[in-house]
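Student: Build out the structure end to end from the sequences listed, making use of the hints.
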Amino acid sequence: MSLSNLIKNWSTLRVKRPYEDQYKDKDYKWAMVIDLDTCTGCNACTTACYAENNLPVVGKEFFGKGQAMHWIRIERYWGENEEMEGKFPDRGAQFLPMLCQQCEAAPCEVVCPVGATHHTPDGLNSQVYNRCVGSRYCSANCPYKVRYFNWWQYPERAWPNPLEQQLNPDVTVRSKGVMEKCTFCVQRLTEAKNRARTEGRRVADGEVTTACAQACPTSAITFGNLADDKSEVARIWARQKVDLAKDKQDKEEDLRGYRIFEDLRTYPSIVYMERVRNFEA
Amino acid sequence: MTVRMKIMLVWLSLLMICGSAIAEPFVQGGAIGSQTDDGFNALGPVVEQPIEFPHNTHAGQMGINCMYCHTYARRSAVSGIPRLDKCMGCHKLIESVKDKPRIKKLFEYWEKKQAIPWKKVHDLPDFVRFNHERHIQRFYFREDRPVREVCGYCHGDVASMTTARRVKALSMGWCVSCHQKDHLENVSTTKTSNGPNDCWQCHK
Amino acid sequence: MSSSIIDRRGFLRVLGISGTAATLAGCGNTSIESGVELVESYVQPEDFVVPGVGVYYASTCAQCGSGCGIMGRVREGRILKLEGNPQSVISGGKICGLGQAGVQVHYNPDRLTTPMMRDGDGLKPVSWEKAGAALSARLGASSPISGEQIAFLTGEISGHQRVLLDLFMDSFKSTNHVVYEALSPAIGQAANKAVLGVEQPVLQIDKARLILSFGNDFLGTGPSPVHMAAQYARFRKAPRGTLIQIEPRMTLTGANADRWYAIKPGTEGIFALGLANSLVQHQAYAHALPADIASVLKLYDKETVSELTGVHADTLSHIAGMLWENSPSLVLAGPSAEGHANGFQNVAAIQLLNLILENNGKTLQGQPAHPFPQLEPARSSTAALAKLDALMASGQCQTLLVMGCNPVFTAPAFVHFAKHMEKVPFKVAFATQLDETANQCDLVLPLLSPLEAFGTHVAGYQPKGVEVMIQQPLMERLYPETRAFGDILLDLLKQRNPTAYKAFPDYYAYLKTAVTKAKPVFKSSASDDDFWEDALRNGVLHLELPPTGLQAHTEALKLGKPQVSESDTQYPFYFVPSIKADLRDGRHANLPWLQESPDPLTTIVWDSWVEIHPSTAAEMQIREGDILSVQSATGIVRVKAYLFPGIQPDTVSMPLGQGHSQYGRYANDVGVNPFKILNPIFDERTGELAMYATRVVIKKTGENAMVVKDEGPTNVQQGRKLVATLAADQAALAKEVSRVTQ
Amino acid sequence: MSHTVDLHTPEDKDIHIERKFVPKPLDIDREVSWAKINKDVLRSLERPRPMFWVIFVAALALFSFGVYCEIYQYQNGMGAADLNNPQVWGLYIATFIFWIGMGHSGTLLSALLHIIHADWRKPIYRYSEAMTTFSLLTAALFVLIHLGRIWEFYYVVAYPNERWVWPNFSSPLVWDATAIGTYLTSSLLFLYTGMVPDLAICRDNARGVRKKLYTFLSMGWQGTDRQWANFRVTYMTLACLLMPLAVSVHSIVSTDFAVSQNPGWHITSFPPYFVLGALYSGCAVIITLFIVLRYVFRFEEYMTMPILNKLIKMTFAIAMVWNYLNLIEYATVWYGDNEVAKAQFIYKITGTYAPVFWGMVLCSTVLPFALLIKFVRTHMPTLLVVSLLLNLGMWLERVQIITPTFAHSQYPWTWTANWFPSWVQWGIVAGSFGWFTMLFMLYCKIFPAISMYEVKEMVHDQSKMLKARGQ
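Protein chains in written order, with numbering that gives the first Met the number 0: chain A, 0 to 280; chain B, 0 to 203; chain C, 0 to 741; chain D, 0 to 470.
Hints in this document: simulated from the structure, not taken from any laboratory. A quick note: this is a predicted structure, and the numbers were derived from the prediction, not measured. Incorrect hints may have been included.
Stated by the list, open to error - Derived lysine-lysine pairs resembling DSSO-like cross-links, with alpha carbons at most 27 Å apart:
#, chain 1, residue 1, chain 2, residue 2
1, A, Lys247, D, Lys341
2, A, Lys7, B, Lys180
3, C, Lys501, C, Lys129
4, C, Lys734, A, Lys23
5, C, Lys129, A, Lys250
6, A, Lys250, C, Lys463
7, A, Lys86, C, Lys720
8, A, Lys247, C, Lys192
9, C, Lys698, A, Lys240
10, D, Lys455, D, Lys38
11, A, Lys86, C, Lys734
12, C, Lys206, C, Lys493
13, B, Lys111, B, Lys97
14, B, Lys85, B, Lys97
15, C, Lys463, C, Lys361
16, D, Lys341, D, Lys35
17, A, Lys59, C, Lys699
Stated by the list, open to error - To spell it out: a stretch of chain A is covered by chain B in this simulated footprint if at least three of its residues, at any positions, have a beta carbon under 8 Å from a beta carbon of chain B; those stretches are:
#, segment
18, 26 to 36
19, 125 to 134
20, 248 to 258
Quick reminder that beta carbons are idealized off the backbone N, C-alpha and C, glycines included.
Tutor: Listed below in structure tokens is the structure:
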């Protein structure tokens, strides 16, 4: 950003974000809702993400070292407290699809020394691979630990010929030493936005979605534009009384929407809907 | 070298460093379409193409609209090389040049149903997403500028070349210099807007 | 119009010059280069082909037998990604992980690219001329073999491939088309047929208020997981249904249950009868059963049932109460109930509950009769394999053709399939990639991948009406030496009977003719070409047919005294194989995405493991990663231990699908193959292999190795609010915004 | 006195304040002649003994192995270090803080004590200053080594460029880069400025290449009054500038952690805690080097026991403050209402990395009390071992700040069970010690390790003071 630009936009850059109605007059604020009651933990989203975003398969050795590259991972918990209760998990498992929460006040953004990760006008937490120097500070600072580092030169290993032909040309193939993470399938968003702009309109609800939401067999993932009041995502957020700019929601008992680690004031863009269990069964 | 000179030298270099730091962001590129020196001229290498295509004949003498052949530019991120049957569509009927070696070559490819292996002249790094469609829609269709000006801003005056050659740096600073400029929203207003200033608009 | 289709195929052929050049440069290349790369360049593409813009083509997923409609995203001539096809009732625009990985079958680096012929000990690449000559010499016009001398072994196969295959076998006057699926649901199908009158009832999961599932993993490995997952999503919306799962080892469906109960393997039928006994006490259900059955049911009082099944007696009453209160309900039987010597009985007893509760017609319906029964998938069974094995062992079988199944890997060790296969003088495999069975063959013919070939599929499970799924190439073939299975069959048929097939230059022509001939059934008045084009564009031919009713046959149930098999002191543990939704019987172990996709319940990747309950592990002083020997009467495997709370304490479980030795770089030497330690126990009624009836003894070997998994040192939430749970009676689901219910 | 009027109480009468002068041992012998100082110090620049080369080659070997590891890591990727998600930093950042911390005491000795005219610093500040510079150089290496794309390191630097992009000024890493750069530059400048008069002495006594080198470096120093006057002003100004820098650098390093929300890092007292920790480890190294130089160069007359004693007292005081801040940190966590941080703290002292924590407690909290024992203070080999252990403790302290927090972070799913650094990391850490040793050994043979002119001043002042007292 040049100095002139910096000076020109100083007032908007200086504002503490997020603030009330920040996206009210904006065109886009991408957000997501994940219904944990319908998520079955089937991993279709994970594989869809590998396919869409050129994620490398790291293999057993590197996976064992904790160097896996799944932008969206399905976590499986057996209990809410520090120990599992009872002999069997008789209310089933607790599955949690965890991906970049696209925080409005993202802890990763402030600490990146080179500004490789920043907040886009659409409310996304971006990652610019070719700017990344690989200090991994963002990952250290991410409370959700959803940033994945290219520990090895995966392109040389992960796609032996002809597997490389599957690579999505809209997404960069990351080389060693750069950080990467869920982008909300920004390549799809950009394409849809460009198309809409050419046609002089806003992207319609349902016109674009992320690979995970598109694949999800139970439609547990809903993706859309929070700046558009009529979008499904905005309606769910509103119905669940989750306010993007608040770190504590005042809502009724029977509402299921919540954001993870709200008290850390990261203001995530993903609302999870509580899992429901019939305890009378 | 006297001490005074040494001191002068130090001050001068300091001044240069600071000066460039302050002045650099204010460097103004040329106005769109001016095709004049905008400070980013960088002549690329001569690229040998399978057929030495005369842009000067087609776009220059004949005055064919760039997008007659590069038809994808207005509806896709890439402008695309014209499909072979498009070349043939005209050249089948132009008897006068059929015997020229370049046209003969064209016919050879056509008969073999083989795509011509054109080489890329305007290449961008793989992490960059440049969208022809948006630029054409904005400046050609909405602002109604002449096509040679709109295309020429990045590609130079192709109508004066045979095979195309890169003339602009196509570097980030060059892109940004234009994105920061105030462009008219459309023909009828005086409202202006900038190009996107978001990393993710161009980086993928 | 027909020319435009040819052109479209033509488009795939005369693709761009750099259509196959993918960029691997990544962030490394920051420079701007001129004259290094080539530009996308076309000769004569379709109008809608625009470089830089992805085009979607409809097709059908061939990863499992569910027949989901898919859309392939094609750019610059490459198939990049598969999505669900919203036109297809089965997939409803969704896709599972297994389906996504279809592109890796196509782009697999270990794909078979040329025909291979046995030369001494190994297979050597040969030309198609040579391969074709060898094939003609054996199976051509002058072939003397017939009847039992030839056998065609396939996995589940449907559509016009199956028609051609049947015609091919007819030309040898043979009925030896053996359809073998290691995970065949044949026992359940037989029991369903006997009790309900249909092999596979159509389930209305979304309509049920309560689902009681005995090991039925409809979300993971059922007959149509994607479709059922969508139904499940609606089931979970207001009014929210309740799912109770009873099984010895937690499946993915069990992990999503409102209540999960562990049960001793093989006693599911007894529990179901106990429930039936409780239910008929209720006046509403008192007369649901004939008197003779009702009287025998009295033997199944809750104390006896509780003692035999290991489930608490109160649980039984509680579930019975739930069933009373929540109607309509749906009771399901699954593989872990089926795979026992009394498997048929188990399923019949479980289906009896549906009859008592009068769920048939509400949540259970009959599948409408398919207008093209010849296209329907041939039912698979393990018993058929045993027959073929005997045929081979006796030396009667002269020629064996194998396609889409890998019995050398999946047949239990006691079958000695590989050894018996050696007695067959001429064995041909049709494959996209060499596997253990193909490696034993004399001739291996390289097939097009499902993303390169035309074809039709008919799913065994048709949730709504009837669908014929169309498969079309999404991309130009990667290897010129590969051929479509249909084309090879058609060539052979032409040699056998030149006149009958001369109208069809290739399989495509045959398929098109055959499909367009079905036009009247689909009540279409379009021209043949338009009909065909529409079929290709939609990827599916749908025919709305009403579901049929079910006929109850309570007499099919042979009730006796409640009893279970004796416990075995030598082999104290029940052995329950688990089916991973993505690897299934192991045919997908060559797909790296699936290997790296963590098992949902254990999060383990790239490996085999044995699950053991933490309490048992504590008794035996087993820690995670300890290498255990798991020994049955027929075999032994050594595998890492994983402490898994969702399992009956006297049961151990191992996932199927790993342990390949000749299936490419991604599958080889990963884990062990539990198929090999299954005991020769068969269902008493159907003769099918009882997969869940094996007993094992486990011993520590003293070694320990790291278990490679996504889960960290803790598997609980540590009091952080990560996955919160709300009681169903507190949640105001009806007020929620949801697209799923619409 | 009986004839005087007794106006006072009887007790008062007995008060007899006897002002007894207890002669303390002198910091330096006043009888040392100036020529002897020159001779003794310049002797240390003479051709080294064989043992020097043995140690030097060992250090070089260690350094070469470190370089090999770095090349290996560069070619294969950071995965070679067995780093993972969430253990993204490993030993690199821990060792980085260790080295940068070591750099603080040199400044303390040379600048702060210079400003407050604590004369005893004079014989020992030069080598501490050099140590500071070299440990900063080593620390800077770690900043580069830990980068995933070391070849793009210049993105962190704010300089005008064609792309019109700047680094992210809100990132503590940019502050780090700036602070370290500034500190390194000013330390070098300070070291060099302070050496100029001595370099002139070297110039006057050297021949050949050395003569040329010293001539160039001494910048025409003649020792004129004007030169001395300018020199003193410059030196004092630099010292004043350096003081806030020294405090800021480690405060900034601490913000790398303190600004994050990770349990165990998100602590307000981190900046002073880090600065004290830095001074602590620096003092320990100065003691180590004191003993080594004193022994090797026979500097007993200049590096005297009283000076060492003062140094030890200072070290002890710093250790106590550091301990206090340490306790405050734990108390804040313990009595605070952040359950996550508390869980993390319990993990730190009981979990996988508990040995690291308790090792730190043993070496850095308990061991300094050994300095109270006279034997330890006076017996050189023991003191050497103690000072080395203090340093080990400080290194462990940095490890236990970083590793357990990653292993037991906010997010339970990504906890790690028993992460351990690979040989590449160990190799690079070991290599950094080789690199530092090499630099320091070369320095001692090229530049005077003791400030000659200031020792002369000290002798002069000492005798002047004693003369004034009439001794």
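Student: Checking each numbered hint in turn, tell me which of them this model violates, lowest number first.
Tutor: 5, 6, 8, 9, 11, 12, 16, 18, 20
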